Each structure stands twice: as C-alpha cells, then as structure tokens.
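Undergrad: Sequence:
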Amino acid sequence: VDFYNQVIDELNEQGITPFITLFHFDMPMAMQEIGGWENRDVVDAYARYAQICFELFGDRVLHWFTFNEPIVPVEGGYLYDFHYPNVVDFRRAATVAYHTVLAHAKAVQAYRAGHYAGEIVICLLYA
Numbered sequence: 001v002d003f004y005n006q007v008i009d010e011l012n013e014q015g016i017t018p019f020i021t022l023f024h025f026d027m028p029m030a031m032q033e034i035g036g037w038e039n040r041d042v043v044d045a046y047a048r049y050a051q052i053c054f055e056l057f058g059d060r061v062l063h064w065f066t067f068n069e070p071i072v073p074v075e076g077g078y079l080y081d082f083h084y085p086n087v088v089d090f091r092r093a094a095t096v097a098y099h100t101v102l103a104h105a106k107a108v109q110a111y112r113a114g115h116y117a118g119e120i121v122i123c124l125l126y127a
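Under my numbering, the residue at position 13 of the sequence shown is numbered 13, and the numbers go up by one with no gaps.
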C-alpha cells in the first residue's frame with residue numbers, strides 16, 4: 001500500500017493524472033486456486049478489494065477502470081485456449097463472463113455508495 005501511495009502522490013505532484021485499472025488479467029493465485037472467476041466467492045473478494053482501493057486511494061484518484069478488456073480471459077481462458085486456465089468449455093466461459101460483469105457492477109455500486117468525486121468505468125475491447 002505504501003508503494004502505491006507513493007506512486008499516486010508522485011504522479012499528482014508532477015501534474016500527471018492517475019488512472020487506476022483494478023483488474024488487468026492478473027488473478028491472484030489464491031483466487032485462481034479456488035476457481036478464479038468461475039467461483040462466485042471471487043466476485044465478493046473482488047468487490048471488497050475494489051472497496052479497499054477506493055478507501056485508500058479515492059481521495060487522490062479520480063479515474064477508475066474496473067476491468068481492462070474483460071472478454072480476453074473469457075475467450076482466451078475458456079473458448080480459444082490461449083490464456084489460463086486453458087479450458088475450452090462454453091458453459092464455464094458463460095459463468096466467468098457473468099461473474100466478471102457482476103464484479104464490475106458490485107465495484108461500481110461500492111464506488112457510488114462512497115460518494116467519491118471521480119468516475120468509474122469498464123474498458124471494453126471492440127477490435
């Protein structure tokens with residue numbers, strides 16, 4: 001946390017506006033070991049993680065992305081076999097997609113409930 005506080009403070013001091021992405025294909029191993037986005041508990045863990053980030057950094061960060069290109073882990077991990085967990089299973093892909101959207105919604109809900117001054121969005125891939 002200290003490291004991120006220092007980075008955010010330095011960016012702001014240098015006149016650089018921080019934009020924070022909460023998830024960019026970087027599932028913690030402890031979460032992956034219990035099924036990653038297939039496990040509904042991971043949705044709640046992500047929502048708590050987002051809430052903690054807002055509490056810790058929300059006074060200095062005004063721009064948040066909940067996810068960057070959330071379709072990539074769905075397609076790559078569960079349809080086309082180029083991203084962990086390297087499975088080809090449409091039903092599991094649909095579960096992962098649903099849980100990702102639900103996690104996004106819960107993070108947005110937490111952000112709005114905190115009445116933070118900035119904005120929160122999702123970064124979608126349209127290529």
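Just so you know, not all the hints are guaranteed correct.
Said to hold, decoys possible - Derived pair list, reagent style EDC-like, types lysine to aspartate or glutamate, alpha-carbon separation capped at 16 Å: (1) 106 to 44; (2) 106 to 119; (3) 106 to 2.
To be verified - Each pair of labels, with its calculated beta carbon distance range: (4) 87 to 7: 27 to 37 Å; (5) 63 to 125: 26 to 36 Å; (6) 15 to 89: 41 to 51 Å; (7) 98 to 14: 34 to 44 Å; (8) 15 to 98: 16 to 26 Å; (9) 94 to 55: 28 to 38 Å; (10) 62 to 105: 34 to 44 Å.
Source of the hints: derived by calculation from the structure; they are not laboratory data.
Predicted model, so just to flag it, every value in this text is computed and none were measured.
We put the beta carbon where it would ideally sit given N, CA and C, even for glycine.
Undergrad: Range first: 41 to 51 Å. Now tell me if the beta carbons of residue 15 and residue 89 are that far apart.
TA: holds, 48 Å
Undergrad: Just tell me: holds or violated, for the beta carbon distance of residue 94 and residue 55 against 28 to 38 Å?
TA: Hint holds: Cβ distance 32 Å, inside 28 to 38 Å.
Undergrad: A range of 16 to 26 Å was offered for this pair. Does it hold for the Cβ distance of residue 15 and residue 98?
TA: Since residue 15 and residue 98 have Cβ atoms about 40 Å apart, the given range 16 to 26 Å is violated.
Undergrad: Should the hint that residue 63 and residue 125 are 26 to 36 Å apart at their CB atoms be regarded as holding?
TA: violated, 19 Å
Undergrad: Next pair to validate is residue 106 with residue 44; report whether the Cα-Cα distance is within 16 Å.
TA: holds, 8 Å
Undergrad: Taking the beta carbons of residue 98 and residue 14, is their distance inside 34 to 44 Å?
TA: With Cβ atoms ~40 Å apart, the hint holds.
Undergrad: Range first: 27 to 37 Å. Now tell me if the beta carbons of residue 87 and residue 7 are that far apart.
TA: holds, 35 Å
Undergrad: Sort out whether residue 2 lies within 16 Å of residue 106, counting only the CA atoms.
TA: The hint is violated at about 26 Å.
Undergrad: Could you grab the alpha-carbon distance between residue 106 and residue 119 and see if it respects the 16 Å cut-off?
TA: Holds: residue 106 and residue 119 sit about 15 Å apart, inside 16 Å.
Undergrad: Given a hinted range of 34 to 44 Å, is it respected by the beta-carbon distance of residue 62 and residue 105?
TA: violated, 21 Å
Violated hints, listed in ascending order, are 3, 5, 8 and 10; each of the other numbered hints is respected by the structure.
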